[in-house]
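**Student:** If you want the building blocks of each chain, they are given just below.
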Amino acid sequence: MTQFRFPQRHLLGIEGLGPQEITALLDLSDGYVEKNRSADRKSNSLRGKTVINLFFENSTRTRTSFELAGKRLGADVINMQVSASSVAKGETLIDTAMTLNAMHIDVLVVRHPDSGAVKLLSEKVNCAVINAGDGAHAHPTQALLDALTIRRRKGHLDGLTVAICGDVLHSRVARSNIHLLNTMGARVRLVAPRTLLPSQVDRLGVEVFHDMVKGLEDVDIVMMLRVQNERMRGNFIPSIREYFHFFGLDYKKLKAAKPDALIMHPGPMNRGVELDSDLADDVERSVIREQVEMGVAVRMACLDVLTRDSAGGHA
Amino acid sequence: MTTHASGRVAYIGARLLDPASGLDESGALLTDGEQIADIGPGLFADGVPSDIQVVDCQGAYLAPGLVDMRVQLREPGEEHKETLHSAGEAAVAGGVTSMVCLPNTHPVIDDVATVEFVARRARKNGLAKVYPYAAATKQLAGQELAEIGMLAEAGALAFTDGTKAIKNAQVMRRALAYAATFGLMIIQHPEEPSLAENGAMNEGELSTRLGLSGIPAAAEAIMLERDIRLVELTGGRYHAAHLSTAAGVEVIRRAKDRGLPVTCDTAPPYFALNELAVSEYRTFAKLSPPLRSEADRQAIVAAIKDGVIDVIASDHAPQDQDSKRLPFAQAETGGVGLETLLAVTLELYHNRHLSLLKAIALLSWAPARLLGLPAGQLKVGAAADLLIFDADRAWRVDPDRFHSKSKNSPFDGRPLQGMVLRTVVDGRTVFTADA
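Residue numbers (the working numbering), protein chains in the order written: chain A, 348 to 662; chain B, 141 to 575.
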């Protein structure tokens, strides 16, 4: 397994990855979960390598997760928080790429509010790039950690029915999960009001529901998406109250799902908006904290494979 | 390169193409000074007198110079993207001898002095002739009418807010009615702004996959439907620019069937490309309106064939690297088009959608007639604005070889057939292709 060679220089999205690559990444991640739980959780495989977390958008969770992943592997990790305002001052994304190139780094982890921005950056730098979320486009490590969480609980991904609920329109998490789950043979349902679904989303190989109880019928996994507060008022949905009434997950709606259905959320949660607060903390049903743990392992696996040399080892 | 137009020049061995008269025969054309002096199949059958300079066309087509009714010039204000001179060179390299520029410069062409500035600067460079449109509303703000009557007296051909739709219905109503007072035309960018706001591309499966916010095709039809009602209300003369959707074509078709004074154009990207060109976040294919679905593209081709679309214009929109090398949503819209206008349009001829005469008509005689310009035909006494081209010669689009200052072509790398060999303005050769 350690000889696995990732077929791409960058990890920009799930599209383009086949079941074998995804399975290999998940298998490798499994190993890191066990290692992280052991006393000897630090390794030196990335010693001397430099990882830069370049975040053009605020994020504590994802950035910390990547930082921890890099450090556990022995890499030097540097965080760069670039505010939108310094971009407005005139330094373009291309300028940033040129600056970073001069620093001879090994891996660049990038989050950006614009779809496609991470791909643009990846075309201009010499190092490996991991997409830590670009606009409403992709968030591949989130999809991988969700898949790892599900696989460890259910033993497999194929044949499962997964309902993704909420603001699909603005969600990169939803898009990456749709691609990954479809690739691995799961069935994907989307549950949302029509204003929060993107155009022709059914062409992505999903079943669309507007009635949450029907959408949750006999599902194995309920994946809730965060609803951004600024989208709650006015245009997309009339009010928080109305949204929770029809599309918030509570025990009553959850009854439609399989009795052992798991609840997931990419975080950060809006308690009482998309998810009932008690349900979020219900250790029988909610795997939200487990997702955070899996996140570190998956990111270690991604950093690992993207820094391997052609012989499958680390230089 | 530039030769003086003092003497007489005989263009012999040409295949003459004149859409206005339907002429499509081998023959010759004589220019005397700035004008066409004679034309015909039998001209110089017995040889050319020795005091006349001879240009042997060697069987190439000789047609009226192209008339491009939608060009963004960028001067004054954004000379780093394009100047009147660089646009003039790009135009003649593309066979365009007359072009009409949008008023979206800095300052905006909304007063008499700016109209005169553009006209004066353009005359001086002696390349393609430049005619301005002027703003329909002051500062293109969509609120107060510009001085439409006086701007027309100064030389503005028609009135438009350029790449912005005139969104307020009352303002559009008054613009149409006021312009009609003087027999003038309003040109609309037909796109409902509230549906296009923040949109980066066509709305559909691809925008969903790319995570980009989309502009629904309905944004075009909605604005056209409203405007057609206002044309009925006012009797104003209305022209819709760069049609891109099947639904938009249907609105215009119905308006024409009812006899309303409505015309429209489209641009090469809308019949030669579809939304797939923006895959991989290719900002050179980010246009306004956005490239649409394949079904829309086919509807545009059909509307060109059946005459619902009156004119093909380049919609030339130069942008520098810094405006395009950005994340897709932040990048500017538009593509350069002067130097690919002829060859991309000739795809419609090579694919047997149009006769060669019809293709040339859409690029010359049709826009000239629509705007009342003395151009676009091979007629004795007319200005000697000529295009000599090979309809079949193949080349590949290489923006580095463009004369335009900007290189943002949506057709980058595309193999094309049909090459401009020589362009003549007022009897002077202003462009010849490298042998």
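Don't take each hint at face value.
Stretch by stretch, here's where chain A covers chain B in the computed footprint (C-beta under 8 angstroms, at least three residues) [as the list claims (entries may be wrong)]: (1) 212-226; (2) 330-336; (3) 344-350.
No more than 30 angstroms apart at the CA atoms, straight line, and that leaves these computed lysine-lysine pairs for DSS-like [to be verified]: (4) A:Lys-471 with A:Lys-382; (5) B:Lys-304 with B:Lys-445; (6) A:Lys-471 with B:Lys-547; (7) A:Lys-418 with A:Lys-561; (8) A:Lys-396 with A:Lys-501; (9) A:Lys-471 with B:Lys-545.
If you are wondering where the hints come from, they were derived from the structure by calculation, not from laboratory data.
Think of the CB as a built atom: it goes at the ideal place given N, C-alpha and C, for glycine as much as any other residue.
**Student:** Next, verify each hint and record whether it holds.
**Tutor:** Hint-by-hint comparison with the structure:
1. Counting residues of the region 212-226 of chain B whose C-beta sits closer than 8 angstroms to any C-beta of chain A gives 0, which falls short of three, so the coverage hint is violated.
2. Closer than 8 angstroms: that is the beta-carbon criterion, and the region 330-336 of chain B has 0 residues meeting it against chain A, so the requirement of 3 is violated.
3. Given as covered by chain A, the region 344-350 of chain B passes the check, having 6 residues with a CB less than 8 angstroms from a CB of that chain where 3 are the minimum.
4. Distance hint between Lys-471 (chain A) and Lys-382 (chain A) is unfulfilled; the C-alpha atoms sit about 35 angstroms from each other, more than 30 angstroms.
5. At roughly 28 angstroms between alpha-carbon atoms, Lys-304 (chain B) and Lys-445 (chain B) fall within 30 angstroms of each other, so this suggested pair holds.
6. Between Lys-471 (chain A) and Lys-547 (chain B) the CA atoms are separated by roughly 19 angstroms; this keeps the pair inside 30 angstroms, and the hint holds.
7. The straight-line distance between the Cα atoms of Lys-418 (chain A) and Lys-561 (chain A) is roughly 45 angstroms, outside the 30 angstroms bound, and the hint therefore fails.
8. As the CA atoms of Lys-396 (chain A) and Lys-501 (chain A) are separated by approximately 36 angstroms, the hinted pair breaks the 30 angstroms bound.
9. Between Lys-471 (chain A) and Lys-545 (chain B) the alpha-carbon distance is near 24 angstroms, which keeps this suggested pair within the 30 angstroms criterion.
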